Amino acid sequence: MFFTDPIFSTTIWASSLMCLTAALMGVIAFLQKRSLIGETLSHATYPGVLIGGWIFSLFFADSFLGVILGSVSFSTAALFSLRYLEKKRVSQDASLCFVLSTFFALGVLIASRLQTVKASLYQQIQVYLFGQTATMRDEHVVIYAGLSLIIGAFLILFFPRIKLLLFDKEYARGKLKHTFWNSALSLLFIVSICIGIRTVGIVLMSGMLIAPAVFARAFTNRLSHLFLIAGTFGAMCGFLGNILSIVFSLPTGPVIALLGCVSAVGALIFSPKRGVLFRTVRILKFRLHTMEENLLKSIFKKEGASLAELNDFHPIHPYFLKLALTRLKRDRFLQSSRGIYSLTPEGNRKAVRIIRIHRLWEVYLTEFMGQSVEKVHRSAEEMEHIITPEIESRLTDLLSNPRKDPHGAPIPGRHDESILG
Amino acid sequence: MNPYWGKDFLGFFFTLFERVFLFMTGRGDALFSDELQLLILGMLSLSCGLIGAFLLLRKMSMLANSLSHTVLLGIVITCILFRFADIDMQSIDLKILMGAALISALLTAGLTELFTKLLRLQEDASIGLVFTGLFSLGVILVTLYTSNSHIGPESVMGNVDALHISDLKSIFFILMLNVAAVALFYRQFQITSFDPVLAKTLGISVTFFHYLLLFLCSATVIGAFRAVGVILVLAFLVGPFLTARLLSHKLKHILFLSPLLGISASLIGVALSRHFLSVFNMPLSTGSIVVLTIAAQFVAVLTYKSLRKSKLIKA
Numbered sequence: 001m002f003f004t005d006p007i008f009s010t011t012i013w014a015s016s017l018m019c020l021t022a023a024l025m026g027v028i029a030f031l032q033k034r035s036l037i038g039e040t041l042s043h044a045t046y047p048g049v050l051i052g053g054w055i056f057s058l059f060f061a062d063s064f065l066g067v068i069l070g071s072v073s074f075s076t077a078a079l080f081s082l083r084y085l086e087k088k089r090v091s092q093d094a095s096l097c098f099v100l101s102t103f104f105a106l107g108v109l110i111a112s113r114l115q116t117v118k119a120s121l122y123q124q125i126q127v128y129l130f131g132q133t134a135t136m137r138d139e140h141v142v143i144y145a146g147l148s149l150i151i152g153a154f155l156i157l158f159f160p161r162i163k164l165l166l167f168d169k170e171y172a173r174g175k176l177k178h179t180f181w182n183s184a185l186s187l188l189f190i191v192s193i194c195i196g197i198r199t200v201g202i203v204l205m206s207g208m209l210i211a212p213a214v215f216a217r218a219f220t221n222r223l224s225h226l227f228l229i230a231g232t233f234g235a236m237c238g239f240l241g242n243i244l245s246i247v248f249s250l251p252t253g254p255v256i257a258l259l260g261c262v263s264a265v266g267a268l269i270f271s272p273k274r275g276v277l278f279r280t281v282r283i284l285k286f287r288l289h290t291m292e293e294n295l296l297k298s299i300f301k302k303e304g305a306s307l308a309e310l311n312d313f314h315p316i317h318p319y320f321l322k323l324a325l326t327r328l329k330r331d332r333f334l335q336s337s338r339g340i341y342s343l344t345p346e347g348n349r350k351a352v353r354i355i356r357i358h359r360l361w362e363v364y365l366t367e368f369m370g371q372s373v374e375k376v377h378r379s380a381e382e383m384e385h386i387i388t389p390e391i392e393s394r395l396t397d398l399l400s401n402p403r404k405d406p407h408g409a410p411i412p413g414r415h416d417e418s419i420l421g
Numbered sequence: 422m423n424p425y426w427g428k429d430f431l432g433f434f435f436t437l438f439e440r441v442f443l444f445m446t447g448r449g450d451a452l453f454s455d456e457l458q459l460l461i462l463g464m465l466s467l468s469c470g471l472i473g474a475f476l477l478l479r480k481m482s483m484l485a486n487s488l489s490h491t492v493l494l495g496i497v498i499t500c501i502l503f504r505f506a507d508i509d510m511q512s513i514d515l516k517i518l519m520g521a522a523l524i525s526a527l528l529t530a531g532l533t534e535l536f537t538k539l540l541r542l543q544e545d546a547s548i549g550l551v552f553t554g555l556f557s558l559g560v561i562l563v564t565l566y567t568s569n570s571h572i573g574p575e576s577v578m579g580n581v582d583a584l585h586i587s588d589l590k591s592i593f594f595i596l597m598l599n600v601a602a603v604a605l606f607y608r609q610f611q612i613t614s615f616d617p618v619l620a621k622t623l624g625i626s627v628t629f630f631h632y633l634l635l636f637l638c639s640a641t642v643i644g645a646f647r648a649v650g651v652i653l654v655l656a657f658l659v660g661p662f663l664t665a666r667l668l669s670h671k672l673k674h675i676l677f678l679s680p681l682l683g684i685s686a687s688l689i690g691v692a693l694s695r696h697f698l699s700v701f702n703m704p705l706s707t708g709s710i711v712v713l714t715i716a717a718q719f720v721a722v723l724t725y726k727s728l729r730k731s732k733l734i735k736a
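Protein chains in written order, with the working numbering: chain U, 1 to 421; chain L, 422 to 736.
Since the hints were made in silico from the structure, they are not lab data.
All of these numbers come straight from a predicted model, not from anything done at the bench.
One thing to keep in mind: the hints can contain errors.
What the hints assert, rightly or not - With a Cα cut of at most 16 Å, we get these calculated EDC-like pairs of lysine to aspartate or glutamate:
| # | chain 1 | residue 1 | chain 2 | residue 2 |
| --- | --- | --- | --- | --- |
| 1 | L | Lys480 | L | Glu534 |
| 2 | U | Lys350 | U | Glu293 |
| 3 | U | Lys302 | U | Asp312 |
| 4 | L | Lys480 | U | Glu86 |
| 5 | U | Lys33 | L | Glu544 |
| 6 | U | Lys329 | U | Glu346 |
Claimed, not checked - To spell it out: a stretch of chain U is covered by chain L in this simulated footprint if at least three of its residues, at any positions, have a beta carbon under 8 Å from a beta carbon of chain L; those stretches are:
| # | region |
| --- | --- |
| 7 | 263-276 |
| 8 | 370-377 |
Each residue gets a CB set at the ideal place from its N, CA and C atoms; glycine is no exception.
Work out the full structure, taking the sequences as your base and the hints as a guide.
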């Protein structure tokens with residue numbers, strides 16, 4: 001029913017478009033590691049929104065254009081103040097905080113005056129604090145959508161230049177009109193904020209700048225994909241947030257921002273490439289793999305061992321020990337009879353190979369890296385689980401197939417099944 | 422009858438001196454609203470000046486910005502935990518205050534750290550993500566719980582005129598907390614701020630004092646909640662320190678100067694607000710005037726310093 005309802009349909013689409021724009025510009029700020037600047041610039045729009053709205057309301061029936069102009073100019077002023085403070089060597093976090101609250105204080109001062117002079121206008125303008133979509137009129141929708149499209153078009157048209165600006169600053173500084181492009185990007189950033197505050201609100205605007213970028217970054221390394229994913233995600237947050245806020249009659253901005261933040265955190269946890277969940281699984285798998293190979297080694301050296309003996313040697317939780325042993329048995333490297341684990345021929349070969357790699361690496365470290373003999377064991381303990389057969393054969397060639405390791409112990413040949421002294 | 426009624430800027434100070442004299446000689450009567458505002462803003466500046474210095478030295482001011490947003494969620498959660506039928510923002514009692522301060526400090530700092538360390542997110546983005554998420558959750562919960570859509574804007578803007586004598590109590594308590602903490606742990610704070618490695622070798626837990634500072638900060642923000650709102654309090658934390666930093670390089674001087682600057686800004690701000698009301702018949706937000714005064718102090722000192730540097734003014 002929300003899709004067909006004429007009041008909501010256009011405004012919701014416009015609102016999604018506004019969030020999309022914010023998401024795109026947010027990606028740029030995110031890559032410059034300056035995400036928090038959006039927080040300051042959005043709060044700085046508050047006095048602009050009030051003054052612009054107020055002045056325009058004296059001359060026109062609709063104060064809407066004044067709000068945009070005012071917010072853009074005050075936000076720009078805040079940006080210049082930040083630059084000035086940076087020149088004066090005020091640390092960045094302090095200047096962000098200070099400019100933010102000073103500009104906001106100016107807004108609160110003006111608001112307190114407006115409240116007594118023009119209470120109705122004050123009420124209208126207060127919606128910019130937390131955002132409201134439903135009260136947008138058709139001409140507003142057109143202007144907001146138009147501005148969003150302009151920003152989107154700019155990003156698509158000048159994509160290669162933006163890429164250069166973001167990733168190759170040194171080159172950009174020399175070759176391109178560096179200041180011009182940077183100012184253009186800053187202006188677009190500000191405009192996207194000033195558009196976005198209508199639907200997300202001044203206080204939570206920075207959420208809509210940051211969340212889509214974080215979300216997209218969890219899935220891709222490519223800039224073009226980053227823009228695509230962040231933009232789509234931003235638009236979806238705007239769309240769903242609006243609908244949810246209507247259904248539960250909640251303020252629009254917080255719903256959109258919460259939606260964005262929660263999904264971004266979800267992406268950080270569950271994304272297949274960079275998500276923490278899959279990373280942890282990968283790490284645990286590797287640990288288990290290392291554990292298994294170490295167990296093979298110690299059973300090989302002891303020529304069979306019981307669970308208790310193994311646990312003495314590998315002080316880990318018995319559960320993990322049993323897990324590793326079960327997996328080894330499943331892979332036919334181990335067999336057990338009456339509580340004593342011993343190696344199968346296959347397990348024997350594997351254990352010998354691990355020892356071979358360990359000793360090869362020790363030779364490599366002493367001969368080619370100039371490490372002293374006492375120090376090489378620890379590194380070899382780690383490398384023996386990592387080195388692939390290709391690297392093994394390269395090492396053999398490089399070291400001209402050595403027979404003794406630095407400690408004097410024999411190195412088994414590639415196809416040996418035991419270590420002969 | 423409020424004796425400050427109709428007084429202009431200078432008249433305000435004369436009346437104030439007169440009233441202080443009366444109080445000193447034991448002939449004072451009830452506090453009037455201007456004095457209440459002055460006391461609360463003054464104590465707030467004192468608290469903020471003390472902990473603001475340490476916050477800024479550790480480059481934690483954006484974390485303070487986060488806290489200023491997340492205390493709303495802290496308050497809501499505490500109120501729900503204490504099973505109050507409705508959240509009454511008119512009076513925040515000490516129990517709720519301490520609970521909320523603890524919860525919001527732990528949530529904000531803990532989550533931000535979790536995001537940077539475990540989820541490997543860059544720091545600026547984790548700060549932004551945490552506080553916007555928690556703040557929007559706070560606003561939504563407040564709206565659902567109280568079906569009052571005004572709390573959000575009120576918490577952001579604050580209102581000095583709606584202050585009550587009970588606010589004086591809570592802000593006094595917070596001031597005492599801050600003073601006690603800084604007096605007791607001055608050296609620990611100093612060492613952990615300037616030389617975390619030395620602190621570690623001396624056996625001072627950097628993490629503990631990090632969280633203690635965050636707790637103090639969130640308690641102070643909550644104390645400021647009703648008076649100036651959660652955003653303007655940032656200026657109280659940051660502004661006087663920046664000005665004091667221009668004037669001195671010694672921590673002890675800064676710790677003395679920044680509360681002083683804050684208090685003087687509060688005095689000027691309250692007087693200006695009264696002046697505008699009396700002379701131009703304009704009721705203005707006192708909190709924002711104080712913040713703008715703090716900003717003006719900074720700009721004035723900065724200009725003076727630059728002029729002296731360019732030899733336009735002889736030292």
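(request) Give me the numbers of the hints this structure contradicts, sorted from smallest to largest. (result) 8
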